[in-house]
Amino acid sequence: MSDATPTVPKIKLAGVEKHFGTKTVLNGVDLEVAQGESLVIIGGSGTGKSVMLKCILGLLTPDAGEIEIDGRPITRLSTAEREAVNARIGMLFQNAALFDSLSVWENVAFGLIQGKRMKRARAKEIAIRKLADVGLDADVGALSPAELSGGMRKRVGLARAIAGDPEIIFFDEPTTGLDPIMGHIIDELIVHCVRQVGATAISITHDMASARRIADRMAMLYRGEIIWSGPAASIDDSGNAYVDQFVHGAAEGPIRMELRKL
Amino acid sequence: MNPFRPVGHAFLAFLEATGRLFLFAVIGIGHCVRPPLYPRLIGRQMIDIGYYSLPVVGLTTLFAGMVLALQSYTGFARFSAEDAIPSVVVLSITRELSPVLAGLMIAGRIGAAMAAELGTMRVTEQIDALETLSTNPYKYLVAPRLIAGVTMMPLLVLIGDVMGIFGGYVVSVFKLGFNAQTYIVNTWNFVQAMDVVSGLVKAAVFGFLVALMGCYHGYMSRGGAQGVGQATTNAVVSASILILISNYLITEMFFAQ
Chain A
1 MSDATPTVPK IKLAGVEKHF GTKTVLNGVD LEVAQGESLV IIGGSGTGKS
51 VMLKCILGLL TPDAGEIEID GRPITRLSTA EREAVNARIG MLFQNAALFD
101 SLSVWENVAF GLIQGKRMKR ARAKEIAIRK LADVGLDADV GALSPAELSG
151 GMRKRVGLAR AIAGDPEIIF FDEPTTGLDP IMGHIIDELI VHCVRQVGAT
201 AISITHDMAS ARRIADRMAM LYRGEIIWSG PAASIDDSGN AYVDQFVHGA
251 AEGPIRMELR KL
Chain B
1001 MNPFRPVGHA FLAFLEATGR LFLFAVIGIG HCVRPPLYPR LIGRQMIDIG
1051 YYSLPVVGLT TLFAGMVLAL QSYTGFARFS AEDAIPSVVV LSITRELSPV
1101 LAGLMIAGRI GAAMAAELGT MRVTEQIDAL ETLSTNPYKY LVAPRLIAGV
1151 TMMPLLVLIG DVMGIFGGYV VSVFKLGFNA QTYIVNTWNF VQAMDVVSGL
1201 VKAAVFGFLV ALMGCYHGYM SRGGAQGVGQ ATTNAVVSAS ILILISNYLI
1251 TEMFFAQ
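First to last, the sequence lines map onto chains A and B.
Heads up: the first sequence begins at 1 in the working numbering, then just goes up one per residue.
Heads up: the second sequence begins at 1001 in the working numbering, then just goes up one per residue.
Treat the hints with care, since some could be wrong.
[Said to hold, decoys possible] Restraint-style ranges between C-beta atoms, simulated for each label pair:
no., chain 1, residue 1, chain 2, residue 2, range
1, A, E66, B, A1256, 54 to 60 Å
2, A, E66, B, H1009, 30 to 36 Å
3, B, A1256, A, S144, 48 to 54 Å
4, A, N95, B, R1005, 40 to 46 Å
5, B, M1001, A, D216, 44 to 50 Å
Since the hints were derived computationally from the structure, they do not count as laboratory data.
Ideal Cβ positions, reconstructed from N, Cα and C, are used throughout, including at glycine.
Extracted from the complex, chain A is given alone in its bound form:
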């Protein structure tokens, strides 16, 4: 399908704006992500990265602009249509957001049982297989999320995100809160899983090491706008002072942190 219409991007944002009261969080975001591409959005804390993802997921409604998936606008859908769109999207939350009233396998199978109305026994088989894909044994499935370490929670969250074989996967700060080695392992799992299901991925992070490992292409969000985007390899010679400052983590530069002067 994507071969017939190669010009239609998988995800497209045009002039997306979001305000909270008088505070502008997204100030006209334009972005296109091609089919099967892995885009990493970098940017400091509070630049609107999470809000942008939530707009695409329909958890927030943008005040202006349009978001399209496969060329279809998705900003003003009915609840039922929205659920149909979300069934094609997987999301790994920052702290995994596992349901702590359910066991690990029920978490992984949740979208299959509730969203796709699959039989529990069949959904459990798939859940166990997805757990194996992220390197977890079948007996982890019976545990409760509270018994897991941070790295394991992320793995379970990843298994849940890919359980429905989504066309699009979002990763919200996938390596935050993990040690560098576990971060590296999760990155490799992400790359592996995204390739395996052939999904289009958008990740948001401020961890440059992680961004370099996951990204085909990178974009930088600053003050609610995309100020630079390009192939991941060109991040070091972007020619953009903001990007350079962020990549090197320099305290001095054009980016002003919103801190009050002491």
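Please arrange chain B on chain A, whose structure you already have, making use of the hints.
Showing chain B alone in chain A's frame:
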């Protein structure tokens, strides 16, 4: 500075909150009557509200009935009207004390738990996660709690009625020296269907209010652990106040001349 400004602000904020709550309630009720429902979740909530609240409600109403008999004896004995005690106990318990005390206890026990659970789910993004997994949080979280609240509270109050009357009986017979048989006959002769029914209608309304307040404040909570704590407090306080206000209104509706 205009002195009316803070007043206007407060009024507008109140209207906004009322509108938001009303909308929340309408959407929640809408999901209660439209399939698919989640029988497994409704069952779990029913057990939590109905079964595990039995000791709390039973003890509360038992002692309320006991103290009621004791106090009315003190008063009535002055003009030799001790015979009225069975009727005072049965009337007060079925019409007012059992539903109101059970409602307040459930507000503390269940309303707080609901607000804390949903609030934690909100701040740890579990509610967002539900939506991304194509599951409507109103249908999955709110509707089962509302249904369980409305159906379980009348049952609890019915048991509270029995326990309260039993409490009055125990004190009257074993402490105040009433004849057991006469006490029971008096109680039975005096109680009317309308007394019990009005109490059960109240119970259903209170159950709905407690579940609604618990869900609403939990669902809307913001800002980490402190936000969840605030939501829990708000749920209990607002449910308790609404119970007392609606108690008056329902009483007026049933018994005003």
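The hints, checked one at a time:
no.	hint	verdict
1	A:E66 - B:A1256: 54 to 60 Å	holds, 57 Å
2	A:E66 - B:H1009: 30 to 36 Å	holds, 35 Å
3	B:A1256 - A:S144: 48 to 54 Å	holds, 53 Å
4	A:N95 - B:R1005: 40 to 46 Å	holds, 41 Å
5	B:M1001 - A:D216: 44 to 50 Å	violated, 57 Å
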